[in-house]
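In order, the protein sequences belong to chains P and Z. So the first sequence is numbered by the numbering used here: it starts at 1 and just counts up by one. So the second sequence is numbered by the numbering used here: it starts at 1 and just counts up by one.
Hints in this document: simulated from the structure, not taken from any laboratory. All C-beta atoms, glycine included, are put in the ideal place defined by N, C-alpha and C. You may find that some hints are simply not true.
As the list claims (entries may be wrong) - Pulled a few chain Z residues facing chain P out of the computed Cβ check, cut under 7 Å:
| no. | residue |
| --- | --- |
| 1 | H25 |
| 2 | L27 |
| 3 | D31 |
| 4 | C35 |
| 5 | R38 |
| 6 | L42 |
| 7 | A43 |
| 8 | S46 |
| 9 | E242 |
| 10 | N277 |
| 11 | D282 |
| 12 | T296 |
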Amino acid sequence: MSFEYAPAPESRAVVDIKPSYGLFINGEFTDGTGTAFKTINPATEEVLAEVAEASDADVDEAVKAARRAYTRVWSRMSGAERAKYLYRIARIIQERGRELAVLESIDNGKPIKESRDVDVPIVAAHFFYYAGWADKLEYSGYGSTPLGVAGQVIPWNFPLLMLAWKIAPALACGNTVVLKPAETTPLTALLFAEICQQADLPPGVVNIVTGAGDTGRAIVSHPDVDKVAFTGSTEVGKAIARTVAGTDKKVTLELGGKAANIVFDDAPVDQAVEGIVNGIFFNQGHVCCAGSRLLVQESIADDLLERLKRRMSTLRMGDPLDKNTDVGAINSGEQLMRIRELSEVGDAEGAERWEVACDLPTKGFWFPPTIFTGVSQAHRIAREEIFGPVLSVLTFRTPSEAIEKANNTPFGLSAGVWTDKGSRILSMANRLRAGVVWANTFNKFDPTSPFGGYKESGYGREGGRHGLEAYLKGADA
Amino acid sequence: MSTPATSAVYDDVVRTDSSLRRFLHGLPGVDQVGCEARAAGLATRSIKTTSKAWAIDLAIRMVDLTTLEGQDTHGKVRALASKAMRPDPADPTCPATAAVCVYPDMVATAKQTLGDSGVHVAAVATAFPSGRAAMDIKLADTRDAVEAGADEIDMVIDRGAFLSGRYLQVFEEIAQVRAACARPDGTSAHLKVIFETGELQTYDNVRRASWLAMMAGGHFIKTSTGKVQPAATLPVTLIMLEAVRDFRDQTGQMVGVKPAGGIKTTKDAIKYLVMVNETCGDDWLDPDWFRFGASTLLNDLLMQRTKMTTGRYSGPDYFTLD
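The shape of chain Z in the complex, shown without the other chains (with noise of 0.2 Å):
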């Protein structure tokens, strides 16, 4: 297969409704029981000592630390953030986590807070979590968020267009999104597109959704916003790394990924650290390319950690709320 830019290569594919609807068609089907037992099969790896210790920092620096609720309050994000700068209070050598994950309304303050520590501010927008509004509403959640001083916006598809066949709308409002990231200096926030992949039910819409998302300019695909069970799940993460090394093998761009919602052990993140190393290799073994959307995740995390470095487990009251 050649590797012209993308935008050559899918001009065609894009131009209209059904000529996207038979792209997306025409990928590779998903048999739904062979992905669930690669998955199943994947997680028995069994990771130990350095490998485990490794692995451990890599998904602390992989952490988009969330906290997504109507009580949200400035003073919650603004201890939020300052966990997501030294999550572990009583360890220097404790890495930062890749961002904290607010609603649009709460992204100056926690830019307040984390200053140029690195940590980014992600904004969930386009009016999520059901994504359920007009389309000038959506792209004004979006600019405000970015004007706000988001690095990262998480939007969400339109699934009700997705699973009524308007692929090409959805494929419209993931561009225009994309280009309402775009910052005043002409750089522009990373975007995250959120599938809902729990309302998309079935492997084969994950796979197309994914490949709509990276036609249409996601840097991210991310599976959730955590409102809606299944969250994350191991086959549905296994879907879309298969699609990020695909359209990679095909365009020479990578793009990444993120399952959020319902990961909550080390044991659960080491395995879909795994998962990326086994489908998609050391590259996307980075928080640039890889993401844990979480909030309750990172204290296991630490608690292992801790474990690790001094052989003793502690309690949970050792590592602060939030």
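Looking at chain P on its own, in the form it has when it is part of the complex (with noise of 0.2 Å):
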């Protein structure tokens, strides 16, 4: 007989989602004079809650809430003051953590075992970092002048981890914030406003719009909004840099990716298969930084292609709030189809596709974890981000050759060696242009340790001192 493990599901009772929610401005939810839309479970299609979709006027109004909280409250409070809200708001995080953890795990997708044990810990772990930071910053080598109002666009990936590297800095800094959830995953930022509410903050220091590209839109082109923050793709990120080209906003940009996870003959090869399982399949493949190219040297790449195939077998896909979940739901519909697109593109160029035998459950939508063989750079699919659980996998016979095949992207935001030898680490680590190099790991994050990119994966850094830079106004101001 063999090992089945029965489903141990966490129990979906400690989440309260409200038939609708409004936009949260001022420290208050308000309806809204915009539309609403719907938010659904990704891994059943259930319709969760409609949403208001904050109009133009909607915007403004938190924008106008944002600038009086910064010139009256927020940016005349010692830092020390404005420490202790964030210290607070990171330790509601982590007793609320199974509620957000839940919520999270429905309304996105995500294997519970992740937004429990990574997602929601780094989250608290990123307030608390900073917290740490407001009453020093005149240490941090960027002065201590915040920049005003920050308005603040983040993805549907990772959406309360790419909330708190959006809204932790700044407030820190002494700046506020409007800040617009995915549209496919509101809801653990609008609860993220409760726990605002639960803090004490002070009104109108973070508000939350919810909506589309068109709430996006109003939020970066907004006058009176002097940061802009953007996590998303590179076409969007693109647009956002010529819509406040000539204005005096500062922008920070983290977008797209295609990195190459790279494997030495030498490396430790039972770890390389789970980094590269780590790499690609964490969080469905939605992770702009994933290793979703792998680069192997010849000479292993029957052995490791085996290797990862028999640990993709005992990946357990299905109910993301099932405890042994380890790939969940593909976040929406839209995105699904352009996963099965860029697939199909590769079967049509003529890689080799090979992808783990399990039942898919009839609703919501899912995809497999996937690997293309026989790809060369060439392919779109070595090129284009996929931003799905698909692993382009390409040979080198040399560390140049290596070199050579990673850097030839347009992206550059993160990349992984695996090697045995100390020296090789640090050499590749030099000629790789990626923001972020792992290695003999992949897909690690922490507050202290700066991320972002080079080229279209965009600019600025977030996380670590580094991550101030992005909401100060400089040494000289």
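Dock chain to chain to rebuild the complex, using the hints, since each chain is given by itself in its own frame.
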């Protein structure tokens, strides 16, 4: 008899999803003047709630509230006082961690294992970390003068984590924010708004406006927004850059990626296999820094791929709330279409597709963990970001060839190097044009470590001391 | 990779000390952080209801019920053997353990009690636990246990030789002990090779020792004597499971794995079974290929088993001491 794990679902009872949600402006929930849209559970297609779509006028209200809070309260408050609020928020996030994790998994489709063990703990850590900076800004090297009102637009892949990356440093530096969560994953941001109320954060310091592209455009182009921070697609990032060109808005963009995960023949092979799996199947591959291009040294390619396939066949796909689920649902029908489309391009270009044999649920959006072998640099699946659980496998013969192939991309967000040789790790890290280079690991995040890209992966850094630069005027201000 | 018979594949490897060293040092390295993260990740699997009941019975069938004390007496060993055959006297559906594990001078006593119950007698030989004795004494120790009726021999490797790089010496000692396991009728006692991973310290060493023991003909590889801390851990067992899995890929031969020492609770045991399942698959989920070297573990398994069948927890007094 084989070892079948029984379902071990996390209880939904900890979350209380309301039938409809308004906008969070000036410390209160309001209906707004726009229409409403639905947010669904991507694992079941069940409608979770109706959410207000912020109109231009609503965005204007939010920016005004943020401006008032900035001039009257937040920028005048001492760093030590601001830190108290941030510490309080961090502690409430920990206390309500289960609720946040379950809601994140329901709205996003990611496995509870990830939202519980990765996302929420790092969210709390981010607030703790930047709370510590709030009264020490004069030692940051970037001065201690805030910018004003920050307009922030975040993606659906890590709804709460991206919120923390944006809000924690902005508030620590004395800015106020208007933040728009993605239209498919607004619920945890709205729960975060409740946490701001619970923490007695002064009204207007954090404003959450929900909506889609139009709402985002309204924030980015609003004349009273001093700073724009965006995480999302390169296409939208370029549009934002065009919008703010010629204004005095400061901008940071964290965009797409097509990271090379480079495995040398002397790599710790079993851990490399784990790293490849974690690099591309973590969060269903909805990760901008995902290791979506595997570059493996030709001499070990066959053995490594055999091990990778064997490991992939133990991945458990299904109900995101099951504690034993490794791979959850694709976030939206639209994204699923894009993943299917690019995979079909891979087939048409002559790459060989291999996917995990598993029964997919009939409802919801699902795509099995997939690898393409026989991929060359010229293939679209080696160049374009798929943003799904699809790995393109290429081979190389020498370190120089690995560098050439790894850098031969319009992106430059992250890379991974697997080798037992320390000197090679250092030389590779120097030559890879990527903002983050992981050595013998992948997809590790920490609030103390700066994150950001080169080239079409964007500019600016988030996290660590470097992350403060985006929200301060500079040492000579 | 081709898969001819073991002997042919590794004859060249074990010809000289330097060829053996080249082979062992050429095995893929182990990244400590990654290995420990993987083991910890597997330990978060949540096992419930029918799967748990099945896992508990399997774990009981995998226990090598052990007493290895200076104060062991024939009476104590007889009691232990009785318990191995009927772990839960109140419930005849409770399976027997795989074996009892004793010092060589207790083998005859254990054998007498166990009879043809199917529960094996395992004997720790070769100057257990330190292994610090002359080779002819280790071999005599082994033969003595086999003659007394031991079904399985748990030998210790010479960690001093291993750590000073005399791999061929370790290889030959294992091969000789394996030969000493032979019985006059042509059959042979099964050989478990104990590494004492707490003394080998690094995961690279554990992987090398695993290959060394498998090439030398060990039927099982075993983590620890239980006399040195740390004894069995999840990451060490993971490395050994990967080794037996890869060895089968190359040779077609299966080798068993036995973590021993420090596994005390049902929860721990299930973590190990999950790791076996996801690293090696079904084939190893069998007492012939995976064992727990333990003494206190059995009672916790019995308590959880009773809880699953009756829905109630009973106290330790409801289960026999040995």
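Quiz item: Taking the least C-beta to C-beta distance, is Z:D282 closer than 7 Å to chain P?
Solution: Where the cut-off is 7 Å and the nearest Cβ of chain P is about 5 Å from Z:D282, the hint holds.
Self-check item: Proposed interface contact between Z:N277 and chain P, which counts if any beta carbon pair is under 7 Å
Solution: 4 Å, holds
Quiz item: With a cut-off of 7 Å, does the beta carbon of Z:A43 approach a beta carbon of chain P closely enough for the hint to hold?
Solution: At 12 Å from the nearest chain P Cβ, Z:A43 fails the 7 Å test, so the hint is violated.
Quiz item: Given Z:L27 as an interface hint, is the shortest Cβ-Cβ distance to chain P below 7 Å?
Solution: Constraint on Z:L27 not satisfied, violated at 9 Å.
Exercise. Go through the hint on Z:H25 and say holds or violated, using the shortest Cβ distance to chain P against 7 Å.
Key: Hint on Z:H25: violated, closest Cβ of chain P at ~11 Å, above 7 Å.
Quiz item: Holds or violated: is there a CB of chain P closer than 7 Å to the CB of Z:R38?
Solution: 5 Å, holds
Exercise. Let me know if the C-beta of Z:S46 comes in closer than 7 Å to any C-beta of chain P, holds or violated.
Key: The hint holds - Z:S46 has a Cβ within 7 Å of chain P, the shortest such distance being about 4 Å.
Quiz item: Against chain P, is Z:D31 within 7 Å by beta-carbon distance?
Solution: 4 Å, holds
Quiz item: Is the interface hint for Z:T296 satisfied, with its Cβ closer than 7 Å to some Cβ of chain P?
Solution: 24 Å, violated
Quiz prompt | Hint status (Cβ of Z:L42 to nearest Cβ of chain P, threshold 7 Å) | solution = 10 Å, violated
Self-check item: Z:C35 as chain P interface residue, shortest Cβ-Cβ below 7 Å
Solution: 6 Å, holds
Quiz prompt | Interface hint for Z:E242, Cβ within 7 Å of any Cβ on chain P | solution = 5 Å, holds
Hints 1, 2, 6, 7, 12 from the list above are not met by this structure, while the remaining hints are.
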